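S.K.: Here are the chains, one letter per residue:
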Amino acid sequence: MAEASYPDDLKYHSEHDWARIEGDTATLGITWYAQDQLGEVVFFDPPAVGTSINKDSPYAEVESVKAVSDVVAPLSGEIIEVNEALKDSPEQINEDSYGEGWLVKIKLSDPSEGDSLMDAESYRQTLS
Amino acid sequence: MAIGSDTTLLRTPLYDRHVAARAKLVPFAGWEMPVQYAGIKEEHLAVRERAGVFDVSHMGEIETTGPQALEFLQRILSNDVSKIAENGAQYSVLCKEDGGVLDDLFTYKLAENHYLTVTNAANHAKDLAWFRKQAEAFDVQLKDALHDYAMLAVQGPQARGIVANLTEAELPKRFRTARATVAGVPDVLVCGTGYTGEDGVELLIDPLGSVKVWDALLQAGVAPIGLGARDTLRLEVCYHLYGNDLMESRGPIEAGLGWCVKEDTGFIGAEAIRVTRENGPSETLVPFVTEQGIARQGNAVIGGGEVTSGTLSPSLNQGIGMAYVPVDKAEPGTKLEIDVRGRTRAAEVRSKPLYSKET
Numbered sequence: 001m002a003e004a005s006y007p008d009d010l011k012y013h014s015e016h017d018w019a020r021i022e023g024d025t026a027t028l029g030i031t032w033y034a035q036d037q038l039g040e041v042v043f044f045d046p047p048a049v050g051t052s053i054n055k056d057s058p059y060a061e062v063e064s065v066k067a068v069s070d071v072v073a074p075l076s077g078e079i080i081e082v083n084e085a086l087k088d089s090p091e092q093i094n095e096d097s098y099g100e101g102w103l104v105k106i107k108l109s110d111p112s113e114g115d116s117l118m119d120a121e122s123y124r125q126t127l128s
Numbered sequence: 001m002a003i004g005s006d007t008t009l010l011r012t013p014l015y016d017r018h019v020a021a022r023a024k025l026v027p028f029a030g031w032e033m034p035v036q037y038a039g040i041k042e043e044h045l046a047v048r049e050r051a052g053v054f055d056v057s058h059m060g061e062i063e064t065t066g067p068q069a070l071e072f073l074q075r076i077l078s079n080d081v082s083k084i085a086e087n088g089a090q091y092s093v094l095c096k097e098d099g100g101v102l103d104d105l106f107t108y109k110l111a112e113n114h115y116l117t118v119t120n121a122a123n124h125a126k127d128l129a130w131f132r133k134q135a136e137a138f139d140v141q142l143k144d145a146l147h148d149y150a151m152l153a154v155q156g157p158q159a160r161g162i163v164a165n166l167t168e169a170e171l172p173k174r175f176r177t178a179r180a181t182v183a184g185v186p187d188v189l190v191c192g193t194g195y196t197g198e199d200g201v202e203l204l205i206d207p208l209g210s211v212k213v214w215d216a217l218l219q220a221g222v223a224p225i226g227l228g229a230r231d232t233l234r235l236e237v238c239y240h241l242y243g244n245d246l247m248e249s250r251g252p253i254e255a256g257l258g259w260c261v262k263e264d265t266g267f268i269g270a271e272a273i274r275v276t277r278e279n280g281p282s283e284t285l286v287p288f289v290t291e292q293g294i295a296r297q298g299n300a301v302i303g304g305g306e307v308t309s310g311t312l313s314p315s316l317n318q319g320i321g322m323a324y325v326p327v328d329k330a331e332p333g334t335k336l337e338i339d340v341r342g343r344t345r346a347a348e349v350r351s352k353p354l355y356s357k358e359t
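If you're matching them up, the sequences are chains A and B in order.
Quick note on full-length UniProt numbering: the first sequence kicks off at 1 and runs consecutively.
Quick note on full-length UniProt numbering: the second sequence kicks off at 1 and runs consecutively.
By construction, these hints were calculated from the structure, which means they are not laboratory data.
Predicted model only: the values in this text are computed from it and were never measured.
One or more hints might be untrue.
[What the hints assert, rightly or not] From the derived model, a few chain B residues whose C-beta atoms are all more than 12 angstroms from chain A:
id, residue
1, ASP144
2, PRO157
3, ALA169
4, ALA183
[Claimed, not checked] Facing chain B, from chain A, some residues (calculated, C-beta under 7 angstroms):
id, residue
5, GLU40
6, VAL49
7, LYS66
8, ASP70
9, LEU127
Think of the CB as a built atom: it goes at the ideal place given N, C-alpha and C, for glycine as much as any other residue.
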């Protein structure tokens with residue numbers, strides 16, 4: 001994606017992650033801004049299914065040609081699915097960061113945490 | 001070259017061109033430099049397959065003139081400076097008394113008693129101070145020529161052909177230089193050197209004329225290439241990067257640069273280096289590939305040693321790097337284990353270069 005985009009149906013964390021909350025589960029990924037800063041992602045190292053992740057703490061790494069970066073959890077929960085397709089095509093994180101480039105799905109341990117995340121407009125303002 | 005208005009970072013004469021080309025600009029050694037334009041992989045492959053141009057105007061230059069120019073350079077540079085032909089180029093390292101490396105440099109002989117040495121941006125001030133201190137005992141004049149030149153590297157299999165179309169002059173052969181009018185800009189120093197493993201030239205240009213040359217190159221289809229791809233290109237062919245693979249705490253023998261070190265010339269550091277060469281170093285710099293993941297600068301080699309450079313090779317689509325390892329682990333084919341942020345990654349020592357056209 002060449003142009004910045006921040007879909008309105010997602011929630012955002014200041015460490016440049018997004019969450020698509022559906023009931024007591026959420027899909028997580030990194031924002032357009034994050035992938036643009038990283039450059040071409042060449043490697044995604046997901047945690048195993050069943051791992052517990054904690055809001056505001058790193059849970060995975062994304063690696064671009066020039067650097068490796070931690071991915072911070074926007075919400076707490078247990079990983080129920082990881083995006084296996086990224087193993088072969090990590091560039092999806094750049095090309096479709098809110099779609100095919102999703103990273104993990106979690107079962108939320110505290111659904112009220114979602115209230116602390118930003119909406120698209122608030123997140124966009126943190127970038128300017 | 002003007003200082004940026006809202007920061008203390010230096011900008012090259014091509015700064016506006018980088019912005020127009022939508023480069024991602026980052027601070028690098030005190031300069032605001034393009035790290036990428038279209039993307040590191042794409043730019044990398046453009047250089048391997050066609051031609052690319054790098055703005056490397058941040059690199060410094062020191063001009064040495066005077067009756068003892070040769071004797072002086074022979075005293076501070078590791079290589080045999082007397083072997084540079086007129087209009088020739090030579091690679092060497094600059095060493096401290098203990099043999100530690102202060103910088104790695106190309107020196108061009110412009111005329112009798114007239115040399116130009118290209119420094120790494122991050123080391124330029126340090127090098128200049130070292131040159132000046134050592135020059136006190138010699139009848140030479142030194143000039144900080146940092147702001148006298150913009151520098152463009154044009155690299156790739158089509159690079160020479162494209163530059164040849166912009167000049168009437170014959171281009172210099174590898175490790176030679178020539179003066180030429182390029183794209184209507186007079187007195188460009190064309191050097192048959194580069195840092196990518198591809199054929200090509202480096203152009204030292206009056207800063208005022210450099211934009212015209214840049215525009216002509218892009219007009220001719222040359223892709224602008226950032227420092228990101230410069231790093232992946234050089235690492236594939238195992239060229240050293242100062243601050244990664246070379247440093248004051250290690251000498252040229254362990255770095256695998258013994259070929260450009262001629263102790264008999266009596267340069268500063270020669271005696272210490274002679275001892276290392278005779279006894280053998282305890283560690284040596286080796287190229288490696290990783291099975292999975294990418295080892296990065298500072299990662300420890302398990303059992304001793306350290307990664308100094310690491311990236312993804314766009315040509316091989318594999319993690320590559322260089323590391324100092326104990327000499328008994330230096331043989332190509334040796335399996336290494338590298339601690340990559342707490343995870344053990346398998347790696348294998350390879351021979352240089354990691355990439356060549358034939359592979």
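S.K.: If a hint holds in the structure, say so; if it does not, say that too.
M.R.: Checked hints:
ASP144 of chain B, annotated as away from the interface, keeps every beta carbon of chain A farther than 12 angstroms; the closest lies near 31 angstroms. Taking the minimum C-beta to C-beta distance to chain A, about 22 angstroms, the non-interface status of PRO157 of chain B holds against the 12 angstroms cut. Interface exclusion of ALA169 of chain B from chain A stands, the closest Cβ pair being 37 angstroms apart, more than 12 angstroms. With a closest Cβ-Cβ approach of about 31 angstroms to chain A, ALA183 of chain B is found to remain outside the 12 angstroms limit, as its non-interface label requires.
A hinted interface residue such as GLU40 of chain A counts as satisfied when its beta carbon comes closer than 7 angstroms to some beta carbon of chain B; here the least separation is about 5 angstroms, so the hint holds. Look at VAL49 of chain A: its Cβ only gets to about 18 angstroms from chain B, farther than 7 angstroms, so that hint breaks. A cut of 7 angstroms between beta carbons decides the hint on LYS66 of chain A: the least distance to chain B is about 5 angstroms, and the hint holds. A distance limit of 7 angstroms between C-beta atoms decides the matter here; for ASP70 of chain A the minimum to chain B is near 9 angstroms, and the interface restraint is violated.
Of the supplied interface hints, the one on LEU127 of chain A is violated, with its beta-carbon coming no nearer than about 15 angstroms to a beta-carbon of chain B, more than 7 angstroms.
Consistency note: the structure conflicts with the earlier hints numbered 6, 8, 9.
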